[in-house]
Amino acid sequence: MSTNTAADTSIDLPTKFRSAGLRFTKQRCLIAEHLFSGGHRHIDAAMLYAELLANGKHLSLATIYNALRDFEQHNLIRRIAVSADKVWYDTDIGDHRHFYVPTENRIMDCPDQKLSLAKFADPPEGYQVTSIDIVVHLAPKN
Numbered sequence: 048m049s050t051n052t053a054a055d056t057s058i059d060l061p062t063k064f065r066s067a068g069l070r071f072t073k074q075r076c077l078i079a080e081h082l083f084s085g086g087h088r089h090i091d092a093a094m095l096y097a098e099l100l101a102n103g104k105h106l107s108l109a110t111i112y113n114a115l116r117d118f119e120q121h122n123l124i125r126r127i128a129v130s131a132d133k134v135w136y137d138t139d140i141g142d143h144r145h146f147y148v149p150t151e152n153r154i155m156d157c158p159d160q161k162l163s164l165a166k167f168a169d170p171p172e173g174y175q176v177t178s179i180d181i182v183v184h185l186a187p188k189n
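Residue numbers (this note's numbering): 48 to 189.
No lab work stands behind these hints, which were simulated from the structure alone. Hints are supplied without guarantee of correctness; some may be wrong.
[What the hints assert, rightly or not] When the alpha-carbon atoms are kept at most 30 Å apart in a straight line, the in silico DSSO-like pairs for lysine-lysine are as follows:
1. K188 to K104
2. K104 to K133
3. K133 to K63
4. K63 to K73
5. K63 to K104
6. K104 to K73
7. K188 to K133
Throw the hints in and build the complete structure from the sequences for me.
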């Protein structure tokens, strides 16, 4: 598994935001402090909203979605779309794969195992592969 620099609790978030070209607003500060304070984690917007609300932080769900979008666009978190209507966010922005269990509403890191991409198609002329996202969907055994 990769090492996450964004979720490091010793990181200076305002400096990290400025170096990413993102303004450190009051709302983003509240969200970032909560999101990154616990180390590496997977979360969706509704879960983050509920956690903030439980901690007395009253922000709109739209503000949380906007902040998560901004964090993702500035490479502070990683967006993981597991379906057309379900998106998770990962504070570990390094290359790694995921297991997704929809019946448990849970996503987790895959242990690093030998994964061969040797037969992956060559990109079209003029393009290069910059990343490959893999999410393995799981269901309980019957």
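Worksheet item: Straight-line Cα separation of K188 and K104 no greater than 30 Å?
Response: violated, 40 Å
Worksheet item: Under the criterion that the straight-line Cα-Cα distance not exceed 30 Å, is the pair K104, K73 satisfied?
Response: holds, 11 Å
Worksheet item: Is the hinted pair K188 and K133 satisfied, with a Cα-Cα distance of at most 30 Å?
Response: Distance ~23 Å between K188 and K133 Cα, so the pair holds.
Worksheet item: Would the pair K104 and K133 pass a check requiring their Cα atoms to be no farther apart than 30 Å?
Response: holds, 24 Å
Worksheet item: Holds or violated: are the alpha carbons of K63 and K73 at most 30 Å from each other?
Response: Between K63 and K73 the Cα gap is close to 15 Å, so the pair holds against 30 Å.
Worksheet item: Under the criterion that the straight-line Cα-Cα distance not exceed 30 Å, is the pair K133, K63 satisfied?
Response: holds, 28 Å
Worksheet item: Does the structure keep K63 and K104 at a Cα separation of 30 Å or less?
Response: Since the Cα atoms of K63 and K104 sit roughly 22 Å apart, the hinted pair holds (cutoff 30 Å).
In summary, the one numbered hint that this structure violates is 1.
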